[in-house]
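Between the sequences and the hints, there should be enough to build the whole structure, so can you do that?
Quick note, the sequences are listed as chains A and B, same order. Just so it is clear: in the first sequence, position 39 is 38 by numbering that gives the first Met the number 0, and no numbers are missing. Just so it is clear: in the second sequence, position 237 is 236 by numbering that gives the first Met the number 0, and no numbers are missing.
No wet-lab data here; the hints were simulated from the structure. Some hints here could point you the wrong way.
[Unchecked claim] Derived EDC-like pairs: lysine to aspartate or glutamate, alpha-carbon spacing no greater than 16 angstroms straight-line: (1) Lys101/A / Asp168/A; (2) Lys9/A / Asp36/A; (3) Lys145/A / Glu147/B; (4) Lys145/A / Asp151/B; (5) Lys104/B / Asp173/B; (6) Lys73/B / Glu17/B; (7) Lys145/A / Glu44/B; (8) Lys222/B / Asp208/B; (9) Lys221/B / Asp208/B; (10) Lys145/A / Glu45/B; (11) Lys104/B / Glu162/B.
[Claimed, not checked] Covered stretches of chain B, going by a simulated chain A footprint (3 or more residues, C-beta under 8 angstroms): (12) 38-48; (13) 125-137.
In this text, all values refer to a predicted model and were calculated from it rather than measured experimentally. Quick reminder that beta carbons are idealized off the backbone N, C-alpha and C, glycines included.
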Amino acid sequence: MVTVTRPSIKDIWRWLAEVPDPEIPVISVTDLGIVRDVAWDGDTLVVTVTPTYSGCPATTVINLDIERALNEKGIESVRLERQLSPAWTTDWISAEGREKLKAYGIAPPVDGTAADGRLLERAERLSGRSNLTIACPRCGSTRTEKISQFGSTPCKASYRCSDCLEPFDYFKCI
Amino acid sequence: MASATATEAAVDRAAVFEFLLSMGDNALILGHRLSEWCGHAPALEEDIALANTALDLIGQTQLWLGLAGEIEGKGRSADDLAHHRDALEFRNLLLTERPNGDYGKTVMRQFLFDAWHYLCLTALRDSSETRIAAIAEKASKEASYHLERSRDLVIRLGDGTAESHTRMQAALDDLWPYTGEMFMNEASDAELAAAGVAPQPASLKNGWDALVAEALAEATLKKPVDGYMHKGGKRGVHTEHLGYVLAELQFLQRAYPGATW
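Listed below in structure tokens is the structure:
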């Protein structure tokens, strides 16, 4: 009988912080806030992940990447579990993740605008009845306009800066 | 070890299964319709937006049909249910299988559906069946974006040029007789509502009327009078269009059963 020393949960979280998002590789899965729990079930490590969008094709790749990264650290048995509720919100993206998004050219989600299904209140906030602005990640100008509700992935919208004229992605709030 | 849920306790499993099929089939068929625009939309941004909306809907389909298969308990997966049922077994609203038509018609169909979908999902967040509530919580966030977008486009095109206005009014008049089905109560709906699993379809009507009337007024479009309303989709009686959708959607699994890649 061999006694195997299991890595600590803290170490595992540190390793997960190095697993990049496949679509936006500058941020990690923990920056995104999609890893909800890490726990041992006997000799199996259970990693609970919540999807960003129901149909996001990256979800499968993310699960594979997490499993591979943990296998490489010597954890042989990994089980990925999906947790739908509470539903993922962009409010869970870490402060560090927001800075990384901005440096990468994607305007990070603006706090407190998460949809949360409350359409009308949000529509009011977004329709100019508040001082909400999406700043250009390139020049910082707040004179920007929305081109389309959707961008290159479901989680982003397309914007354009009216000052430097640069088109950019905005990581929209849900 | 599974906790007793409302489904197991009080409600007929078959009624819940049928309900889940209707939620999944609406998302699947409309998602497929939207995907038909991929590479053909009038502007790149619209093409991307439609593909993304389709992606959300297909993702939701996996959740609804996955749970349907789980509750049915015969080992059928979401893929099995999507690819191995024929038209008579589909439970989607007739509205979702209407052909795309011109872009205005696609946008109008989307708005009429999104308004209902958003209200329905919002109500389902309080479902006594926790697995349904969890899917609704996730999907309602996506649906709120769909509604924001389709509502905005209906207003822009309705209150746009003479040409766009005419086309949007024609689309509205053409699709209106397919909206009544969303609010018709079937026999099993009362049972589901009594158990708190899902709202009675008719209970969503007032909210939908208000939402639609407000947008149409801003779009300078004339709301048609409620006349004869087509029905049957929720019981598997479909228009001829669904067969063509399924012929394309299910082709691969029909020709090469069990194919994977």
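Against the structure, the hints come out as follows:
1. Lys101/A / Asp168/A: holds (10 angstroms)
2. Lys9/A / Asp36/A: Cα-Cα ~12 angstroms, so holds.
3. Lys145/A / Glu147/B: Cα-Cα ~13 angstroms, so holds.
4. Lys145/A / Asp151/B: holds (13 angstroms)
5. Lys104/B / Asp173/B: holds (9 angstroms)
6. Lys73/B / Glu17/B: holds (14 angstroms)
7. Lys145/A / Glu44/B: holds (11 angstroms)
8. Lys222/B / Asp208/B: With Cα atoms ~10 angstroms apart, lysine 222/B and aspartate 208/B stay inside 16 angstroms; holds.
9. Lys221/B / Asp208/B: holds (13 angstroms)
10. Lys145/A / Glu45/B: The hint holds at about 13 angstroms.
11. Lys104/B / Glu162/B: holds (13 angstroms)
12. 38-48: Held - the segment 38-48 of chain B has 4 residues with a Cβ nearer than 8 angstroms to chain A, which meets the minimum of three.
13. 125-137: The restraint on the segment 125-137 of chain B holds, since 6 of its residues have a Cβ under 8 angstroms from chain A and three suffice.
Violated hints are absent here; each numbered hint is respected by the structure.
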